[in-house]
Amino acid sequence: MTVDLSSFSMLELFRMEAAQLTGGMTTALIDLENHADRPAQLAELMRCAHSLKGAARIVGIDALVGLGHAMEDRLSAAQRHNLLAEQHVDALLKGVDVFASTTALTDAAFPAWLEAQSAQLAELIKALDTDFPAPRAAPVPAQVPALVAAPTSAEAPAPADTPRASTAQQQRSLRLDATQLESLLSLARESLLVNRAHQRQADQLQRLHSSQRQVSRAVERLHEALQLRLPAEQLLALADSVGQAHRRSANALDAHIHDHAHQTRRGHRIASRLHQSIHSTRMTRFGHVEATLKRLARDTGQLLGKTVTLEIQGADTRVDRDVLDRIEAPLMHMVRNAMDHGLEHTAQRVAAGKPACGRLVVSARHYRGQLEVSVGDDGAGVDIAALRQRIVAQGMATAAMLAAMSEAEVLDFLFLPRFTTRDKVSETSGRGVGLDVVQTCVQGLRGRLRVNNRPGAGLTITLVLPVSLSLVRALLLQVGGEIYGLPLSQLERVLHVPVSSAQWIAGQPVAHVNGRDLSWAPLGPILGVAPPPPGPLLTLVEIATAGGRFALAVDALLGERDLALQALDARLVKPVFVAAAAVLDDGRPLLMLDVADLASVVAESGAGASQTDSSDYAPALPGMPLPKRVLVVEDSFTVREVERKVLSAGGYVVDVTVDGVEGWNAVCTRSYDLVVTDIDMPRMNGLELLRRIRANEATRHLPVMIVSYKDREEDRLAGLQAGADRYFVKSGFEEAALLEAVTDLIG
Amino acid sequence: MTQHQGIDQAWQQEWADQYAQPLPAREARGQTMLLPFMLGRETFAVATRDVSAATEAGQPVALPGRRGRVVWGLLHVESQLVLAADLKRLLQPAPLKADAEIPRGRFARVLIFGHGLETFAAAVDDVPGCFRLDPASLSPMPVTAPAATVALALGQLRHGGVQMTVLDGARLHAALTDDLRGAA
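In the order they appear, the protein sequences are chains A and B.
Residue 433 in the numbering used here sits at position 450 of the first sequence, with consecutive numbering throughout.
Converting from the second sequence to the numbering used here requires adding 23 to each position, the first position being numbered 1.
Since the hints were made in silico from the structure, they are not lab data.
Warning: the hint list may mix true and false statements.
[As the list claims (entries may be wrong)] Heads up, incomplete: computed chain B residues facing chain A, CB under 10 Å, no partners named:
#1 Leu97
#2 Val105
#3 Ala107
Glycine included, every Cβ here is placed at the ideal spot set by N, Cα and C.
Isolated chain B (complex conformation):
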């Protein structure tokens, strides 16, 4: 991925419009707890209220006709069969170059996004813990970030020396639902 990507004028305006919007009330008041998770070499975070569980990784089964899609299979999580989503396909994080690069102490987990009957399960490479969002620390996404990620992000922040993308849980859920419904 090049660091010298040209910025389309319309795209730039879109970002300006997006970041001109106020943060949701809870995020703006600093009342939101964030759950960071790792995908490949990147770290993302969502509000803990958008995640109903973090469990041990299981083995999903692919649904015929959904291979190659973001929502692609079923995963058994505590007696329930939950729709399995591939967040790497959606967020396109930088992949690890080789197994040797996997940091020690990482534990793959499955995060259950959403609540009740509207959940999605997604495998992540690690869940290091959670922390309180400082709204002042949130900054716009870099221009080099993939458009798909930008569309789902509230912004970026640095916590504990780690740069991470903070995702909007509602937009993430909507994107997964759109994929499930077959939207282009």
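Bound conformation, chain A alone:
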């Protein structure tokens, strides 16, 4: 759960953010000092410095904005030149210490502290701006003299050299108001009462048991009397006593059933209310971000010399605190980006016939079971032609590649890491840090982005997100005797299609539904479970994704259920095809399937079909040889798509994954003829993936081609020494050359 930030002052928020970011930065810097070539850590440090600078700007501490800017500049230079001098690491650590030391200050103490530090801050900024020639060559102990006196209060931050958990791992807390807590306590008390009532029922059952024994004894006595042929009067008397004992027992049983039903209903009601109440503590108003965004718009407007009004729509929309917490920084980036790049200056607006004051609208709403959050402006929108030129100028794609891309694909470049439309770096933009944060965040929340570009009239970016991260309405499916869940929000409909009507197009099973062809694949083989022989009707679950529609064949549907999702063990990283887990009423675990993973396997490549014993479904399937299968492991959306298109056009079946971990999962779960991998990727880089492939008996001989921007001889050697069969440099990327290299390797 997250911290409820609504009751904190801006300075408190700044201090919290500084405390949160500086611990991780110190650890990362020290790691970087010992292992200089870690671009992912540099990128993460850049983001942290960027966030610190932004936070300092919001609270109006110019001296710290300057420091954050200088730190960011230095880290940016380190990214470009792939080196960081010893003096720079020292200065960066001192800079982190400065931000960390603010966490112990009271609001009142801030001005005096700033004044006392001004000379030292200037010195530090100068040190960061200075180019030192010699890179740090060997690990140096991280003994950094503190620029500022160590905080003495109990709120002092952790020492600079104390490793701290990353932000995601830090223990989280939740503030509840007294009413919510009272309500929860009340429900807990009631739950205790129900529990005691169940104890009383257990006692009643004991009495019922005694009563049953009396009935049994009376029946035995009657039986003996019958054997002894006692007189009819005595038999009747005994029969009466049996009847009375039975009636007492039956009455007690009736009362018990009534009481049990009542207590069960009561218990169920309380459990539901308790669950809803606890769940509601996770929800908050979207309007909680209003103050932050309005202040940001005002301050950024002043900085850029633009006048703007920011309007919040749907402030009362209920949002999961975790979701809101995680989209707050992306929203800030989007607002800053809209003001810097989207909104024109007053004179330009007036000349274009627009109101002098720019308008930003940040809105939230629930739509089709999902949360949609949009940031829209009435600025100039994106000039697609200029964007294409910029992409080419930054070497991110060739003009020929861009010519083949749609407008939506070109707009996707705005969300790529290090892409910027600015030549000069300013305090608000130009480093390429920003919209890629939005993309990363949305992907992390299993959501998607939508861009509505209106050239000359503005741009709206919409984040489509799950309403809650903890409770999901799901359809339960049975496949091969196992039960899985699929989020209802991602399902289009359920179909029952005669098996005899299934057709095959290019090796992919297709169902003809309502006048259109729908590709489908049996889910069992994808998940590695053996489905039973199909009956006369196929049960298909149609799924809609950004990439299109497809269907999965399942054995049976078990109905809808609200599932409380549980995070998977962090050591699993990201299991393939699994998004989360939940627990069924009977205590069995249930896996929630990852629609994006399934879509990548089924909709694009038809992998599900080719992996399947398709003859189960189509005895008449022609025995054509399957095309070669290639796995592309690449974190850059653009490069990934280009590689996919080139290889698909070359007749290969292509699967794509976005980092080494997913790549490794894919390699472990299906058979490939070739892996094409990048080197620099989050979570697991290409060299580590390659080492794992070579270390694994089953994949030892799998051909691997590295495709990387790194064109130095030592990079090439490192790749080949790790076991790559071919090293392909992206800067010399030509479609024909790539295809030729792949053909050389696997034919």
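Since the structure of chain A is provided, determine the placement of chain B on it from the hints.
Here is chain B on its own, set in the frame of chain A:
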């Protein structure tokens, strides 16, 4: 499994090196309580400090892509989803020949190995109780034991008429973690 397996020279040296190492301090001082558990026809034991719970057996769910691995699924244990491991796949105990061979009074249990966020759940066929380890009773593993088991064992001992393999909790945890990470 033959009783006349040849001993590779390198293997023999490896054992000699392993058993030349002193026992961990607590085990050497006889301060360790052992928790024996049964898998098939064999009995194993681990230090009780390496086990955080023994609970009723539940029904795990298999994770796609991990079928056939030692760490292969998830198990619901007291409101937590714990990674499920198949110790039979790891330790390769002699299997029961038929249902009729299952001794009476056996109760399947799930042992939770490790603590906090680093746990693994494994189904075992029975947990008869626990006892204090007598370091003097610990002897080297027989030459016929599977190499995978030898690599995880502190040694063998006899207690209450039952011969059992004493596993090193740390090595067992490392082996499960390696399997989880996909190490070959």
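Status of each hint after checking the structure:
The restraint placing B/Leu97 at the interface with chain A holds, with a minimum CB-CB distance near 5 Å, inside the 10 Å limit. Checking B/Val105 against chain A: minimum C-beta separation of about 8 Å stays under 10 Å; hint holds. The closest approach between the C-beta of B/Ala107 and any C-beta of chain A is roughly 9 Å, which is under the 10 Å cut-off, so the hint is satisfied.
Hint compliance for this structure: no hint is broken.
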